[in-house]
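Hints given; two lone chains; assemble the complex.
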Amino acid sequence: MPSDALTKEFQAIVGKENVLESEADRHSYSYDSAVLDPVVPELAVRPTTSEELGKVVRLCNQHGLPLTPRGSGTNLSGGTIPAQGGIVLLTNALNKIVEINEEDLYAVVQPGVVTATFANEVAKRGLFYPPDPGSQAVSTLGGNVAENAGGLRGLKYGVTKDYVMGVDFFDVNGELVKSGSRTVKCVTGLNLSALQVASEGTMGVFNEIILKLVPPPAANKAMMAIFDDIDKASETVASIIAHHIVPCTLELLDNATINYVEDFTKAGLPTSAQAILLIEVDGHAAQVAEEAEKVVELCKKAGAVEVKAAKDEAERNKLWEARRAALPALARAKPTTVLEDATVPRSQIPAMIRAINEIGKKYRLDIGTFGHAGDGNLHPTILCDKRDKEEFHRVEEAVDEIFDVALSLKGTLSGEHGIGLAKSKWLEKETSPATIAYAKALKAAIDPKGILNPGKIIGG
Amino acid sequence: MADLHKLAIMLQELDDQMVACMKCGMCQAVCPVFAETMNESDVTRGKIALLENLAHEMIADAQGVKEKLNKCLLCGSCAANCPSGVQIMDIFLKGRVIVNGYLGLSPVKKAIFRGMLTKPTLFNALLSFGGKFQGLFTSKVDDLLGSSCSKIMSPLIGDRHFLTLAEKPFRKIASGLDTAPGKSGLKVAFFPGCVVDKMLPHVGEAVLKVMKHHGVGVFLPKGQACCGIPTLSSGDRESFDKLVKLNVKAFRKGKYDALITPCATCTATIKEMWPKFAENYPAELKADVLAMAEKAMDVSQFLVDKVGVKTVDSPTGGTRVTYHDPCHLVKSLGVSAQPRTVLGACKDYDFVEMSEANRCCGNGGTFNLHHYEVSKKIGQRKRDNVVASKADVVATSCPACMMQLTDTLSRNGDRIAVRHAVEIYAESLD
Ligand SMILES: Cc1cc2nc3c(=O)[nH]c(=O)nc-3n(C[C@H](O)[C@H](O)[C@H](O)COP(=O)(O)OP(=O)(O)OC[C@H]3O[C@@H](n4cnc5c(N)ncnc54)[C@H](O)[C@@H]3O)c2cc1C
Ligand code: SF4
Ligand code: SF4
Ligand code: SF4
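Protein sequences appear in the order of chains A and B. Just so you know, full-length UniProt numbering puts 53 at position 53 of the first sequence, and the rest follows in order with no gaps. Just so you know, full-length UniProt numbering puts 351 at position 351 of the second sequence, and the rest follows in order with no gaps.
Chain B extracted, bound-state conformation (with noise of 0.2 Å):
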């Protein structure tokens, strides 16, 4: 291994925030992976722990932390625990691109992030192409979910049952709208996110609609990128950077109220994620960074609290809906009670709480890729939640969450549909 000593002085620079974790393990107690495996390097007190040694040079396996510091959903629900306030989501990303810097990206992954999702167009284009051919490949497994499981064995696809390429792109359906506030006066960004976009581009229209609705203008601009959480939680800073800007560049001719997204992960990485990495930005972007995060918030959120969606009075008997928390939202951005008050204004349905509901439901991006086995068990405590509380659909707030649900009601050939809340209320508003 190189130096690592040179590892260990790029890693003190996380040493004001690590030395905050005073060891308690009260983080053990709500960390979903560890629930699972039991081991201390899978949470957060053993993966801090594991940052210090390097950092001291106790310890000179930087592929083995790596490894111990990637088996995480970076849900923050340690956070959200930690009796010290120990900034543990920082630690994590920051200690992912130090060490990653260190020890280099993997091949596929520096394919995919520097040759592909950097590149908005080559990216958009490949993934339509794989949209129409996608059908030879992929057999229909539940219709109502509209999952799919791989025909051909793939070591990255496994047995999972997924959600497919959307035929046209939310992208392609709209793209270039700027239309002018309407009765409510206000006007919002609209950042879809890389999912909506490609596979689930009727939640998009979902928004759409709903804005229209209220007579709230949309500014949605062409150019859009991923917002980089996939190249920040591989620790890849270089392609983070680069799509914050192409972000940046894309909203900045907007005048708006509000940036809403229908992704809860999306929601927080430009929220909290932004401006924590773009401390050394040149002092234009800086401050449209800083703009843009203020800005950002969930669509549920901005439908409660700046038009006033209320919860209606609605007869029993109807579609049973239960909601699930994503981590993102509830852990990171504390919004829990507004998607819930979207789905009570949809008069044809009944509101049922399910247990555990803002537990994670173990998709974690990369996570579920990389210990789909973990991944799977978590889901299950999740999938017999939603099955316990008797709902005919379960609503969440983001696309990611949506997959891993949709996955685990699918394998378990559970009859429950998986919805976004907001298509829901905008199915509701015919």
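Isolated chain A (complex conformation) (with noise of 0.2 Å):
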């Protein structure tokens, strides 16, 4: 615990309301959607106003006390746990909308805002914010900007980077950084929005958000293609792209997955087959229609048993409910769900699922695998019992060979639930101890006492 005169300092910052020192307030911040072991906080401190965002980081640098910015605590890799102690700032009462520019196409937000009331918002002023991630009703701006957040629409509109048209953000001092411009075109500096996307709180904290904002597509068409070859799936995804047709969303669900979400769902899945893709393509009526026909013809040549399309939007709902199930599904079956988050490129899909299942059979453990296959981003969703000590033994192995088996086929450790605590000791398997050694130099530069989310991504 912190001494009672700097509780009393937080407080004259935040008010006594917003200062939560109690064992079990302390507790109830001590963890985030990743299975690791909590770590309770000193204090949770809640600044409502720019200016007491600013005070708060100024007073943990004063006092040399770390601080973990959170948003919605929904990161998947241990962003938000205080790993090393000291205070976890509370974002989530810094949620206004500050502008949306609908002649320009952007808007102003605070981090906390909610990312589906956002989107929200934003299409009822008929324009379209596309990032989406999964858990958009509850996360944050903020916290989709530090994870650099991805969703179901990333391939063909990208990330939430794709989106950060600037950062406005309170340095380790408490000085208020301003980057980037509400011009769509700006290279005046150094790019500091850019380093501010992914560094999951550890380069600085932010205070404000400009969001690039896009008009929202005219049509679109679902369609579902079911593969009684798990590698016809994917030459398919290749061979959709390949005919320069960019779906918005291309998700695959492996055969296990299939299995569980027909358990829970008895929406009518073809519990034999050995993948399902689910495609949707938007944009002008007519250009839907003719990539649609476009994308059937291409699942039908790559071999598909069968491809469903969405007649009307009540079949398209249909569709993309056994999509969204993927994870309850798979979460019912056993009480600890390890979601992961291995990606490689498109091409080496067929090859990652092969070894994960071959892995899952060699550690005897049940994996279903979804995910965003047009980004080559895989969902292996381990389910075990943490309890289970020598289970999640296995568990731990299995996942340190996935992660293996995805740099070897020229992937990625994280295609967007961050590094965060969880990741950290593989960091240097993907990179190289020259850049880990950049971004150390730049780390000790901008907070050299370490106060911003120590502990995360580049580990110290």
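Hints listed in this document are in silico derivations from the structure and should not be mistaken for laboratory results. On a predicted model such as this, the values are computed, not experimentally measured, just so you know. Glycine is no exception: its CB is placed at the ideal position from the N, C-alpha and C atoms. Treat the hints with caution; some may be incorrect.
Calculated lysine to aspartate or glutamate pairs in the EDC-like style (CA-CA distance at most 16 Å, straight line) [what the hints assert, rightly or not]:
1) A:Lys334 - B:Asp15
2) B:Lys66 - A:Glu23
3) B:Lys295 - B:Glu272
4) B:Lys276 - B:Glu238
5) A:Lys386 - B:Asp16
6) A:Lys386 - A:Asp366
7) A:Lys308 - A:Glu293
8) B:Lys276 - B:Asp241
9) B:Lys183 - B:Asp257
10) B:Lys6 - B:Asp90
11) A:Lys362 - A:Glu396
12) A:Lys386 - B:Asp15
13) A:Lys334 - B:Asp16
14) A:Lys212 - A:Glu396
15) A:Lys300 - A:Asp228
Computed from the model, here is a short list of chain B residues facing chain A with C-beta under 8 Å [what the hints assert, rightly or not]:
16) Ala49
17) Leu50
18) Val65
19) Ala80
20) Asp313
21) Pro315
Residues from chain A that keep clear of chain B, each with C-beta distances beyond 10 Å, as calculated [unchecked claim]:
22) Ser33
23) Thr265
24) Val305
See the structure below:
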């Protein structure tokens, strides 16, 4: 616990009600969505204005007290676990949409705005904010930027970084640093906004974010292609892109996931299928019709047993329900769900899935795999019980091996869930000592005392 | 604090259920309390983490955990939205029973539950007495809503606009009924619930009128007690068991097709909670509890699903009525279409949907007493939605929600009546 004097200093900045100090409250901020051991912070502090935010950061730095920013704590890599104690800095009261500019297609938001709330507000004005992480009903835009969150529409529309035009953030001294601009083009100075994206709270604390908006597509069409061979499904992915069709969504469910989903939803999925692809194209009506027709043809050519196209909105929703049910269906099967994030070049998806299945057999583990096939971003999901120490040890070994394979296939450790605490030990495997040294030098220069979310990404 | 280890062992019973929570946080999107307070300990994920930490002896502050656990409406919104299918209501109620068993019940609750609620005759007598004299202490605020406020400052009542005790409780108007099925060939057992009995007897009368109209026999035994949810949500298992037994005893003698209630909370309690806590009951009692649970249903659900009440075409321009979904009906039992159908069967009414109709009204029984400020804020959002619908009347299916709606509309000075769906339907049968 920090001294009473320090607690009082925080209270003087944010008010008594925004300094949470009881044992129960502190335990409530000791974890996030990652399957990791909790660490209890000394305090949780919630600024409600920019000014307070800056002062809190400054105070932490003055006292050498680590601070861990927290949006909604839905990250899957332990980014909000206060690994080295100190305070958890709650950003969820900084939840104002400052501006939505319909003419210039941008918005300015505070970091605590909930992603879905923002997307809905934008949609009400006839505009579109595409990044749609599965957690969007709860995750915050600050958390999205800090993790560079992706979503189902990543293939065509990109991920959060593609929408960040600027980030105003507090440096470790509590000084407000402005970066980026409200213009689409901007090459003034170093690209400090880019440094903030995916920085997981280690490089500054976001105060306001400028986000790009786009016009929404006029039409869309969803399809489900069923395969008796997962290689054929992967070939289809490559073939669609090779034919210069970029669906907004291209998702894959493997046989294990299909069966769990079917058990759970009774939606009538083909349980003997080795894979299904869920594909959606969007754009102008004529283009959508043409592309949808072409997609069906390509699927059949690549060996799909059947291709079902949604006839109306209700059928389209049904297809997406099956996709949305993937995680819940897997989560219900066993007490603990270890949702991983291995990502490989698209062409390597069959090899990656084969390897995952081998690893599952080797370690006697139940693994369902689904994910954003169009991006090569797979979510092998290991079903286990973390209380069974022996089994959980096998899970850890299996995860190690999954990443080794992903890297050997020229993939990456994380497509969208971040490095945080969970994966920092593997970082050197993907990058190089020089890369890490460069990152550490940068961190040391920006945050010499190691105040900003220490222990994350590059460890230390 | 006595022996924390003992508490930990008791809580480990829940471990199998708690471990299913994957800490995804999706419950946060729908929790009405979190929306107001923004504290992680106020949402399911935080509460489960705290119970887990108590179970694993990582935290020593049992009292602190109890307070966090109590700051919950038990509305079930989180459970309905949980991808992992965690049995949240079970965990919360059993958690409260265990933690309270360990810490002991507050003297006030002990006096109310053990000394009164489980002794219906005494409870009824005391409240009848109160009903006669309450005029001395309360002033009428709104005739349309029938709300009052307290003339004297009382910490328990605060500035609430509340419904007063009825001069004559429903039990005095009708009790000991046992009529034969008429043209429908159906017979129901009727469980009015405490609030209808003591504050809204006209809702009970409406139910009787509707049953008579449709030729449904009614078994309304003497000696009914509260369904037990106030005791359970305060963690008083002993009183809960007593109440269940009293009710089983009262209803055992009847033969009926369905056990109907006009109280969403009662229906959900009988249907879902009674069986969950009946595991260790003696075989005969357990069988009776399960049979009652099986037959329990909301009155509108009975009217639509069993009697066949249908929406009728009616000329537009009638009284505008909107419907608030009580959590315990829509989230726990999935009943939402039937009350709307019943309202649609009232020819002088135009049904209008309000936005967020299934969002909690913020009452939550004792939550309203302990966390009135949060409850009021949640109620205000409901009130804003009701007003925006431009309805003349807001109907619902739970007396507890009726109390909350009355309070919030009355405090805002809105001229919108609060009615039970079955009341409106009964009226339309004239
Ligand atoms: C069910 C489920 C589905 C998911 N689906 C997806 C998905 O489809 N795609 C995807 O990419 N991710 C997904 N995730 C992961 C997670 O939701 C994202 O990483 C999300 O961006 C986290 O947002 P948050 O608000 O919860 O941030 P938090 O978890 O609170 O924080 C994430 C990181 O951001 C930092 N941070 C937060 N606010 C600030 C700030 N103001 N300044 C500086 N740093 C800050 C934190 O320190 C932390 O390191 C999913 C998670 C769950 C539980
Ligand atoms: S939604 Fe369910 S699994 Fe997710 S955190 Fe809440 S209770 Fe746990
Ligand atoms: S029951 Fe309702 S109030 Fe309680 S945690 Fe769940 S959603 Fe929140
Ligand atoms: S739920 Fe409420 S109204 Fe119904 S019987 Fe129980 S205490 Fe009385």
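Hint check results:
1. For the given pair, Lys334 of chain A sits about 14 Å from Asp15 of chain B by alpha-carbon distance, which is consistent with the 16 Å threshold.
2. Our distance criterion of 16 Å between C-alpha atoms is met by Lys66 of chain B and Glu23 of chain A, whose separation comes to about 12 Å.
3. In summary, the hint linking Lys295 of chain B to Glu272 of chain B is supported, as the alpha carbons are separated by about 12 Å, within the 16 Å threshold.
4. For the proposed pair Lys276 of chain B and Glu238 of chain B, the alpha carbon gap of about 15 Å is at most 16 Å, so the pair holds.
5. Using a Cα cut-off of 16 Å, the hinted pair Lys386 of chain A and Asp16 of chain B holds, with the two alpha carbons roughly 11 Å apart.
6. Simply put, Lys386 of chain A and Asp366 of chain A have alpha-carbon atoms about 13 Å apart, close enough for the 16 Å limit, and the pair holds.
7. With a C-alpha separation of about 11 Å, the suggested pairing of Lys308 of chain A with Glu293 of chain A holds against the 16 Å cut-off.
8. Between Lys276 of chain B and Asp241 of chain B, the direct Cα distance comes to roughly 12 Å. Compliance with the 16 Å bound is thereby established for this hinted pair.
9. Proximity of Lys183 of chain B to Asp257 of chain B is assessed by CA-CA distance (about 14 Å); at most 16 Å being required, the pair is judged to hold.
10. The straight-line distance between the Cα atoms of Lys6 of chain B and Asp90 of chain B is roughly 21 Å, outside the 16 Å bound, and the hint therefore fails.
11. Of the pairs offered as hints, the one joining Lys362 of chain A and Glu396 of chain A holds, with about 13 Å between alpha carbons and a cut-off of 16 Å not exceeded.
12. The straight-line distance between the Cα atoms of Lys386 of chain A and Asp15 of chain B is roughly 12 Å, inside the 16 Å bound, and the hint therefore holds.
13. Proximity of Lys334 of chain A to Asp16 of chain B is assessed by CA-CA distance (about 11 Å); at most 16 Å being required, the pair is judged to hold.
14. Between the alpha carbons of Lys212 of chain A and Glu396 of chain A the distance comes to roughly 39 Å, so the proposed pair goes past 16 Å and is violated.
15. A C-alpha spacing of about 12 Å is found between Lys300 of chain A and Asp228 of chain A, which places the hinted pair at or below 16 Å, so the restraint holds.
16. For Ala49 of chain B, the suggested interface contact is upheld, since its CB lies about 6 Å from the closest CB of chain A, less than 8 Å.
17. Annotation: interface hint on Leu50 of chain B holds; nearest CB of chain A at approximately 6 Å, less than 8 Å.
18. Because the beta carbon of Val65 of chain B sits about 5 Å from the nearest beta carbon in chain A, less than 8 Å, this interface hint is met.
19. The criterion of a C-beta within 8 Å of any C-beta in chain A is not met by Ala80 of chain B, whose closest approach is roughly 12 Å, and the hint is violated.
20. Here the hint on Asp313 of chain B is broken, as its CB sits about 26 Å from the closest CB of chain A, past 8 Å.
21. Look at Pro315 of chain B: its Cβ only gets to about 32 Å from chain A, farther than 8 Å, so that hint breaks.
22. Residue placement check: Ser33 of chain A does not keep its beta carbon more than 10 Å from all beta carbons of chain B (closest about 5 Å).
23. Once the 10 Å rule is applied to beta carbons, Thr265 of chain A is consistent with being away from chain B; the minimum gap is 12 Å.
24. Against the 10 Å criterion, Val305 of chain A stays outside the reach of chain B, whose nearest CB is about 29 Å from its own CB.
Consistency with the previously given hints fails for numbers 10, 14, 19, 20, 21 and 22, ordered from lowest to highest.
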